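Residue numbers (our numbering), protein chains in the order written: chain A, 1 to 239; chain B, 1001 to 1397; chain C, 2001 to 2287; chain D, 3001 to 3239; chain E, 4001 to 4360.
These aren't lab readings, by the way, just hints derived from the structure by calculation. One or more hints might be untrue.
Stated by the list, open to error - In silico DSBU-like links for lysine-lysine, alpha-carbon gap of 35 Å or less:
(1) A:K11 <-> D:K3092
(2) E:K4144 <-> D:K3092
(3) E:K4144 <-> B:K1235
(4) B:K1120 <-> E:K4144
(5) E:K4175 <-> B:K1120
(6) E:K4175 <-> B:K1006
(7) B:K1151 <-> E:K4144
(8) B:K1228 <-> E:K4144
(9) B:K1178 <-> E:K4206
(10) E:K4175 <-> D:K3186
(11) B:K1204 <-> E:K4144
(12) B:K1006 <-> B:K1151
(13) A:K199 <-> A:K125
(14) D:K3092 <-> C:K2089
(15) E:K4175 <-> B:K1354
(16) E:K4144 <-> D:K3186
(17) A:K11 <-> C:K2089
(18) B:K1346 <-> E:K4144
(19) B:K1228 <-> B:K1272
(20) E:K4175 <-> D:K3092
(21) E:K4206 <-> B:K1354
(22) B:K1346 <-> B:K1151
(23) A:K199 <-> C:K2089
(24) E:K4144 <-> B:K1168
Unchecked claim - Residues of chain D clear of chain A, computed beta-carbon distances all greater than 10 Å:
(25) P3037
(26) A3054
(27) G3058
(28) R3061
(29) T3070
(30) P3071
(31) I3218
Since this is a predicted model, take the numbers as computed values, not measurements. Ideal placement from N, C-alpha and C gives every residue a C-beta, glycine not left out.
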Amino acid sequence: MTALLETKGLKAFYGDFQALFGVDITVAEGETIAIIGANGAGKTTLMRALSGVLTNAPDSVFCRGEAVGALAAPDILARGIAMVSEGRRLFPSLTVEENLMIGAYGKRRGAWTLATVYDLFPILKERRANPATALSGGQQQMVAIGRALMANPDVLLCDEISLGLAPVVVRDIYAAFPRIRESGAAIVIVEQDIGQALKVANRVYCMMEGRITLSGRPEALSRAAIHAAYFGAQSHDHS
Amino acid sequence: QNAAIKLGYVSPQTGPLAAFGEADSFVIDAFLMAAKAKGLNYEIIVKDSQSNPNRAAEVAKQLIVDDEVNLMLVASTPETTNPVATTAEAEGMPCISTVAPWQPWFIGQQGNPGDPASWKPFDYAFHFFWGLEDVIAVFTNMWAQVETNKKVGGLFPNDGDGNAWGDKVVGFPPVLEKMGYSLNDPGRYQNMTDDFSAQINAFKAGQCEIITGVVIPPDFTTFWNQAKQQGFVPKVASIGKALLFPQAVEALGNAGHNLSSEVWWSPSHPFKSSLTGETSAEVAAAFTKTTGRPWTQPIGFAHALFELAVDALTRAEDPTDGDAVAAAIAATRLDTLVGPIAWDGKGLPPFAAKNIAKTPLVGGQWRLKDGGGYDLVITDNKTAPNIPTGGTMEAIA
Amino acid sequence: MTILDTIVQGVLLGGLYALFAAGLSLVFGIMRLVNLAHGDLIVLAAFLILVLVNGLGLNPFLAVLIVMPLMFIAGYALQAVLLNRTLGKDVLPPLLVTFGLSIVLQNALLEGFSADSRRISAGALETASINLGAVTIGLMPLMAFLSAVAVIVGLNLLIYRTALGRAFRATSDDPVTAGLMGIRPRQVFAVATGLAMAVVAIAALYLGTRANFDPTAGPARLIYAFEAVIIGGLGSLWGTLAGGVILGVAQTLGAAVNPEWQILSGHLAFLAVLLIRPRGLFPRAVD
Amino acid sequence: MSLLQLDSVSKRFGALTVADAISLTVENGEALGIIGPNGAGKSTLFNLITGTIAPDSGAIRFAGADVTRTPPMARCLSGMGRTFQIPQPFEKLTVFENLLVAGSFGARRSEADAYDHCAEILVETGLIDKANVPAGGLSLLQRKRLELARALATEPRLLLLDEIAGGLTEGECQALVATIRAIHAKGVAVIWIEHVLHALTSVVERLLVLHFGRVIGIGAPAEIMASRDVQEIYLGIEI
Amino acid sequence: MTIAIPSLKVETRTRASSVSRLIALAVLALGLAAPFLVSRGAVQDLFFILTMLVLAQSWNLLAGYAGLISVGQQVFVGFGAYAMFGAVILFGIDPIPAILIAGVLSALLAIPTAFFTFRLYGPYFAIGTWVVAEVVRLLLAQWKTLGGGTGTSLPREAVRDMAGVGLLRDLFGMKPAQASDAITYWLALILAAATIGFIYRLLRSKQGLGLAAVRDNEQAARAVGVDARRMKAMVYLATAFMTGLAGALIYVQKARISPDAAFSVTDWTAYVIFIVVIGGIGTIEGPILGVILFFLLQNLLADYGSWYLLMLGLAGILTMLFAPRGLWGAFSDRTGIQLFPVRRTLVGGPSVHQGGSSHG
Ligand SMILES: Nc1ncnc2c1ncn2[C@@H]1O[C@H](COP(=O)(O)OP(=O)(O)OP(=O)(O)O)[C@@H](O)[C@H]1O
Ligand SMILES: Nc1ncnc2c1ncn2[C@@H]1O[C@H](COP(=O)(O)OP(=O)(O)OP(=O)(O)O)[C@@H](O)[C@H]1O
Ligand SMILES: [Mg+2]
Ligand SMILES: [Mg+2]
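Full structure from sequences and hints, please.
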């Protein structure tokens, strides 16, 4: 069976700086994957490559067996891959509701509508007419997730959704994940908050300097190995 | 066979003033043919000023220095004639210029136009056309045919023509006052102005029944429409420049009816070419036949320019010597397609006597034709009784 | 009550300027593109209307309805083929390319239509007016003003009430993230320029009926349009209308003092606004 | 008298508070480390100190003078040298010329006077081999080194370093630590933002933890690292 | 710890630049002799080329090095020209010192205009400069003693009796017109050489280094102690001075002025921008190449009227799209040749390699 989303020897460059050195990951239908790694490991770069913000060699990314590496973001979205960007990146000149509605610009139909997103994050309904940037960080993150859901994705890519948020708020946001999974979407989360990541994920990849250095089911990974991978020292003897 | 005599000719053939240069190639082709028939060997080097004064000066230099012409000819608006004449004068190159009232031409080339004591005549630059005193006479004669309150509104832009027409010394104001007209002049406006409500309000307040001025076509359209919208309809509107060309009047739609203007040349002018013997009517007809376009006033003057060139160069002792040619020009007595021309100072103040020759001027009104389009009808000839009128002045409805 | 009339005439004139500026404001607001050929595009549209009016004997208001989609297509193509390539951090390429375009357009029109000054005839409407006692309002200027208001209301509805408008604003905020929403920024930009050109067609109608125009009449209009946009503030269409009105009133008031000051007063008003509020009167919060 | 003194400095971006009444004193010749999760406001704090952004309230004193409103240029001339987290080289100038700009303007020397000094720094920071290469052609790691070298060329009394150790190999990291120690040993005060904790703690005398723009701990590194709060917030690991 | 690098040296010259230094001297010498060697027409063509070169180099310094994209430089051409006319007509000053006065006055005008335009950035700045130019044009058009909107001509004697004309007539038997051509030409040559020399020196100085830093990254430049604002203001002032001198000189030769001509956007800014862009922005060589191309194009196509301008517009668009660094930029990128190098190359020292990629 072909994977929902798969990379084969994915490389990425910023000018002459290489950020990814042959990354292989697979995402199956309905699965939740966590990608962890230290600052600058290349996690965001991987997300950008998957979502079409960075274009790649055509045969380095596959979606249901189709080579999509060279497609631009709107085409990737049309194949059911949506992303919540690092730093949320809401549109400041749009209101909360407009930010959500623009997520549906691609007109993919499914379970997620304004009503169901408001149901998932009720606070947003109260603040629907506010400019998106007037919300607290946690609420903004909800908008960002809701906006991606509005595209009714098959794969939801989430880059550091706990970034800069208090642990309580992070917990609230993660509380929404079971509902998202119920809608059938596979989820890829990038997290520095390892505790959260391990709690929700079925499988974990650990990245280091543009390579996957460790992967497996969360319960199978030793804390020492992850800790080492996280801080970059003496990590190579695990994996 | 002698080497050909070289004439340099500068006029605006492209750009906003291109309507003035429209007849050039027709006139030049006809001239070369006539010259050949007479056994004269002339070469004409034509340069396009692109309606740009910088460019006009530049091409004049090229004609003098690179092409080594024997005589410089230039026509159409002070924006073209002045830079060329200034250059020719500085280079010691004889130059004949036309189609610009003589005041903006002469005074506009003086270092300090505001100080008549400092004005100096030129040695090489000569000009033939009418002057403001003529256009004032023509306009007031036309106005006299219509019953009015003698209150006049003036539209004078801040450009070569406008400043001369509105000048307190040489322009309209002193003469009109003397003749019992009161002039309401709100001040110089910039060309390409989008709104004339200030002027219209001033004219309304001053109860002006007559409008005059020297306006570029786009501005006149703006003004005239706005005036009608504001319910301001004078009995007479005599406007220079804007109403020269039939296309410009046609652009006004029906609102052009009975607008009046100065007429410096028309097919009914009773003059003949000294070169070809053709009458005005014949030249105009030939133009329409060749180009398919209605006749325009510059045709006659462009033609006369070449008549004068041939005449002066034939009489000059040495056509390649600038001073000799200048002397020959100064001594001209020639009956041309636009009337008799002599730089004899007739009708001119002393300072301009040497460099200016005047041509006759009459006044006319544009009349809607039955089948559409306009006719220019000469309505006043008191200034030049030998030019026949085609009708009398009518007030604007 | 001449002063009242002066102000009313200035406001109406401002409507015309706002109409010139509305398309520019749209494009400027969405992609920070300064289109120096905007004035020439207005003249191009005026010639297209003229061809239809003279050639087919159409009513000018009908002709505009035909020219609007034509100009939309031209604008779309212009953006897609040429201008999209110039967008980026550097301000030089768009300025230069549109500047080059301006020269190309002017001279192509000269070749095609000669330098004659032309006019679109609107028949009796041209001189019709409404008399309100102290002031008399010309029908065409009033229609120009109302058209400006209608265009701005229409564009605002589009921008704030439709999916396309949301896409405009989102792309303007952040093209990369907009791409993640399925929006193709280049296509959105092309549509925006197309719309701007459709508005240009309306502006052309009033330019062509108010005064004569010729192929070189563009740049003189451009500068007012820019001033209106900048006075109003980037991205605010109502601001653009206000900017146009400020310019128009400054001009008529200046002219009431002395016609010499007419155009100068407009420019000076512009500089004064810049001095007090460098980002315009109603700047967008985020930029 | 302290070298740098922040007095209840606050900064908000819209609804987001990135510096919340931060008070802080740095003595002459001191080395201070700053840690905190992504988006905590660390770089913003640098921007406030160096004048790239102005605080909404509070005061900043440097070397005895109130610099709250002075422009970055003047603060550099009075002795602040900084690196940018995202390197900002003068791309069309060579590495050597990049240093010359700093060495002649920042250190107020004539150009010729700056030659030797700049060449020395190139040697010190291991960039001498790249001296004549345009900075635009450098890799990211080299760019980060250039940031350091350029900051040094201004001959600062206070050196502000923003995440310059990320992505280095163990050996390179040790070399960097040695370089910074050497600078520090000359009496230059250092403030260093870093995620690579072992490198940071081997240089700094005090550690400051920033979270949500608030100082949540400051003290000796060992003490700070041992604190429960810090472990939970910074590492996100629930103990 | 200090590391001694005994053999360290900083070089700024390349082989090409030594050659070009010789060529430059030869060209200059030949240029000085030109009025005796070539026809008057050629001298006038050279005058045109040289004055356009000065305008182009100034605009290039402003836009290419200081990042200040102005479409209003005609304000300094026109103001310089009017200042010269004023000095000659109203105060009876000889045209040559009047040119200098015009340059100084133009630089002074730059102070109030900078006050407005420096509040603006990017495209706003461009439009702002244009409006300022319009304002100055409209104001000067009100100045009746210098002809208002009509314009005026230089008194014939002023040019004919200009300093040096008598000397040339006595020495070489030149006619006054020819002599004044020669004098204005020499002034143009000196001005062009001085402009290039000034810009080159500036770029090789510490200030030039700072300017390059500001151009590459203004924020970082400020952070290392470069006063970006002052730097830009200085460049703006210097270009105003040079442009004003050129404007005055051009109008000594034209001898006739009007506001529309002297403040023409097309003649004094559009052409100049095309020259710089087609030749290569941000290089000293670019405008030189550009002005020669422009001259050739103008001569080849001038008789085609609007087609010529149409082609020029197209050439500008195509260059911007496909060779944004201009013809010289493309050439230099490919060959590494620079006639006016400004690189400081570090040579010698313990482990410096004299690597090949010393061109940027
Ligand atoms: N636009 C860019 N230009 C140049 N280099 C970049 C760019 N974006 C990222 N990099 C570099 O690429 C490498 C990988 O960065 P990336 O953002 O993917 O890391 P990350 O794992 O997401 O880190 P973080 O935890 O900080 O988000 C880093 O060294 C980073 O500095
Ligand atoms: N100019 C700005 N406008 C709006 N928000 C900003 C601006 N600069 C920073 N921020 C926001 O302020 C917060 C703090 O940013 P800052 O760069 O200071 O974090 P940091 O602690 O340095 O993080 P990192 O570890 O990722 O470098 C972030 O949420 C960031 O998005
Ligand atoms: Mg990341
Ligand atoms: Mg940071």
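Quick rundown of the hints versus the structure:
Between the alpha carbons of K11 of chain A and K3092 of chain D the distance comes to roughly 27 Å, so the proposed pair stays at or under 35 Å and holds. With a C-alpha separation of about 51 Å, the suggested pairing of K4144 of chain E with K3092 of chain D is violated against the 35 Å cut-off. Proposed proximity of K4144 of chain E and K1235 of chain B is supported: the alpha carbons are some 33 Å apart, at most 35 Å. Restraint check for K1120 of chain B and K4144 of chain E: satisfied, since their Cα atoms lie roughly 19 Å apart, inside the 35 Å limit.
For the suggested pair K4175 of chain E and K1120 of chain B, the alpha carbons sit about 22 Å apart, so the restraint of at most 35 Å is met. Between K4175 of chain E and K1006 of chain B the CA atoms are separated by roughly 22 Å; this keeps the pair inside 35 Å, and the hint holds. This hinted pair checks out: K1151 of chain B and K4144 of chain E have alpha carbons roughly 27 Å apart, not beyond 35 Å. Annotation: proposed proximity of K1228 of chain B to K4144 of chain E holds, straight-line Cα distance about 33 Å (limit 35 Å).
For the hint linking K1178 of chain B to K4206 of chain E, the alpha-carbon distance of about 71 Å lies beyond 35 Å, and the restraint is violated. Between K4175 of chain E and K3186 of chain D, the direct Cα distance comes to roughly 75 Å. Violation of the 35 Å bound is thereby established for this hinted pair. Annotation: proposed proximity of K1204 of chain B to K4144 of chain E holds, straight-line Cα distance about 28 Å (limit 35 Å). The suggested pairing of K1006 of chain B with K1151 of chain B is violated, with an alpha-carbon distance near 51 Å, which exceeds 35 Å.
For the hint linking K199 of chain A to K125 of chain A, the alpha-carbon distance of about 28 Å falls within 35 Å, and the restraint holds. This hinted pair checks out: K3092 of chain D and K2089 of chain C have alpha carbons roughly 16 Å apart, not beyond 35 Å. Between K4175 of chain E and K1354 of chain B the CA atoms are separated by roughly 25 Å; this keeps the pair inside 35 Å, and the hint holds. Distance check on the hinted pair: K4144 of chain E and K3186 of chain D sit about 70 Å apart at the alpha-carbon level, beyond 35 Å; violated.
At most 35 Å may separate the alpha-carbon atoms for a hinted pair to count; K11 of chain A and K2089 of chain C meet this at roughly 27 Å. Using a Cα cut-off of 35 Å, the hinted pair K1346 of chain B and K4144 of chain E holds, with the two alpha carbons roughly 29 Å apart. At roughly 42 Å between alpha-carbon atoms, K1228 of chain B and K1272 of chain B are farther apart than 35 Å, so this suggested pair is violated. Taking the CA atoms of K4175 of chain E and K3092 of chain D, the gap is about 52 Å. The hint is violated against a cut of 35 Å.
Of the supplied pair hints, the one linking K4206 of chain E and K1354 of chain B is violated, its CA atoms being roughly 62 Å apart against a limit of 35 Å. Simply put, K1346 of chain B and K1151 of chain B have alpha-carbon atoms about 31 Å apart, close enough for the 35 Å limit, and the pair holds. Between K199 of chain A and K2089 of chain C, the direct Cα distance comes to roughly 43 Å. Violation of the 35 Å bound is thereby established for this hinted pair. Our distance criterion of 35 Å between C-alpha atoms is met by K4144 of chain E and K1168 of chain B, whose separation comes to about 12 Å.
With a minimum CB-CB distance of about 6 Å to chain A, P3037 of chain D fails to clear the 10 Å threshold, and the non-interface call is violated. Chain A leaves A3054 of chain D outside its interface by the beta-carbon criterion, the shortest separation being 20 Å against a cut-off of 10 Å. Non-interface call for G3058 of chain D relative to chain A: holds, since the shortest CB-CB distance, roughly 21 Å, exceeds 10 Å. Distance check on R3061 of chain D: its Cβ is at least 29 Å (rounded) from any Cβ of chain A, clearing the 10 Å threshold; non-interface status holds.
Residue placement check: T3070 of chain D keeps its beta carbon more than 10 Å from all beta carbons of chain A (closest about 29 Å). The non-interface label for P3071 of chain D is consistent with chain A: the shortest C-beta to C-beta separation is roughly 27 Å, beyond 10 Å. Remark: the non-interface label on I3218 of chain D is consistent with the geometry, its nearest Cβ contact in chain A lying 20 Å away (cut-off 10 Å).
When each numbered hint is compared with the structure, violations occur for hints 2, 9, 10, 12, 16, 19, 20, 21, 23, 25.
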